[in-house]
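Assemble the complex: chain A is given as a structure, and chain B must be docked to it using the hints.
Protein chains: 2
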Amino acid sequence: MTVQLIPIKGIGEVTKGDDLASVILESMAAGGLSLQDRDVVVVTHKIVSKAEGAVVTGVESESEYRQIVEGQAVSVLRRRGDLMIAETRHGFVCANAGVDRSNAAPGTVVLLPEDPDRSAHKLRNRLENTTGKSIGVVITDTFGRAWRRGVVDFAIGVSGVPSIVDYRGLEDMQGRVMEVTEVGIADEIAAAADLVMGKADGIPVSIVRGLDLKAPPGRGSDLVRPPEEDLFR
Amino acid sequence: MTVQLIPIKGIGEVTKGDDLASVILESMAAGGLSLQDRDVVVVTHKIVSKAEGAVVTGVESESEYRQIVEGQAVSVLRRRGDLMIAETRHGFVCANAGVDRSNAAPGTVVLLPEDPDRSAHKLRNRLENTTGKSIGVVITDTFGRAWRRGVVDFAIGVSGVPSIVDYRGLEDMQGRVMEVTEVGIADEIAAAADLVMGKADGIPVSIVRGLDLKAPPGRGSDLVRPPEEDLFR
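Protein chains in written order, with our numbering: chain A, 178 to 410; chain B, 178 to 410.
Okay, chain A solo, but in the shape it has when bound:
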């Protein structure tokens, strides 16, 4: 079983009200590509937020930007200089509460989608209805990590794909019960997709094709560790 990571090129600027499913399918068609059953469509949240109008314009100063960031944070875990690690209302822990200025027009900042799982579900429905195929959708954002240098992409919205694969009770090759119990599979899909998206190239969509996922579908919110379980708040 070989898995393919396929970048979707030619997706232009997305603005409020755009139908992302059409945008994606038209760009794919222009590149001679079409969706297949069990494809996972991975989309950076930025174009989802833009299509949903989750942007703030007219942000001229650093202090206006900081104010928006503070407004998006429900709790602040750490501050160092201008860097703020905050929890969003979705439960994501990330720099600047997910408020982003890169790949946006000057004066525009992009917020997280209001409900990334709902966004993923809507996009999946549109893609499935248009193509007749069984599709998964993962919406991603780029977060830093505790203890590790460098950011990577994570799954913030999921539909039609497992988010966590539970190995509890399964046996390993030696017949021993597995110690690794739950794998954050949608985060691995998000990280994999980023390998063909590239921060500077501005490729906001890719297809992960050929995955053999037997676990039931999950939600992006399943990947948020509840604060009461979390040793690092």
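Source of the hints: derived by calculation from the structure; they are not laboratory data. Hints may be right or wrong, so weigh each one.
Unchecked claim - Capping the alpha-carbon separation at 30 Å, the derived lysine-lysine pairs in DSS-like fashion look like this:
hint, chain 1, residue 1, chain 2, residue 2
1, A, K310, A, K193
2, B, K299, B, K310
3, B, K299, A, K391
4, A, K186, B, K391
5, A, K299, A, K193
6, A, K391, A, K310
Just chain B, lined up with the frame of chain A:
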């Protein structure tokens, strides 16, 4: 540019002194595969540790296991019941200081390789010398994360591949300087590869083919955030 994730099947039990390069190349040949220039060979650390003899046998009780774990930890970040989140001497922060019992014979525990970057470098040299191709190697381990449920694979040893891609000073599609500065690319490669490896299937090697990596090669240790920079120790 499509990237392929190719599992290498048929790799049997590895024991001390085995030549991993030969084991990998023979399994690939048996499956009709051969290495190509710029392939990245991703290997779970478990077979590297076994080949290097980084195992402890005769571990009969939970308390003996706990003692080994304590011995592998240079500092303990958190404890909850039997769970210990500790820093290894390599600087990795993970559960049970990287000491692992699954996919090992009863009574045997597997430690981390002494120097995963050196292990990656040696394996890469052997693969390159045997095949004449330019190869990258990433050695992985499976870690939990702060704030997120589920474990994912991370890069602990790297050779011939960038570990971090630095976008500092680059401009985005709108000519704005990128906010995302450093991407943990080798961690994304590790996570991607895990999509075809599968914890329960016991596939310890895969190939990531078709990556277009322009950054200079790095080391796994580059991904360790120095404690003085880290907000979450």
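Against the structure, the hints:
{"no.": "1", "hint": "K310(A) to K193(A)", "verdict": "holds (26 Å)"}
{"no.": "2", "hint": "K299(B) to K310(B)", "verdict": "holds (15 Å)"}
{"no.": "3", "hint": "K299(B) to K391(A)", "verdict": "violated (36 Å)"}
{"no.": "4", "hint": "K186(A) to K391(B)", "verdict": "holds (19 Å)"}
{"no.": "5", "hint": "K299(A) to K193(A)", "verdict": "holds (15 Å)"}
{"no.": "6", "hint": "K391(A) to K310(A)", "verdict": "holds (18 Å)"}
Checked against the numbered hints listed earlier, the structure breaks hint 3 alone; every other hint is satisfied.
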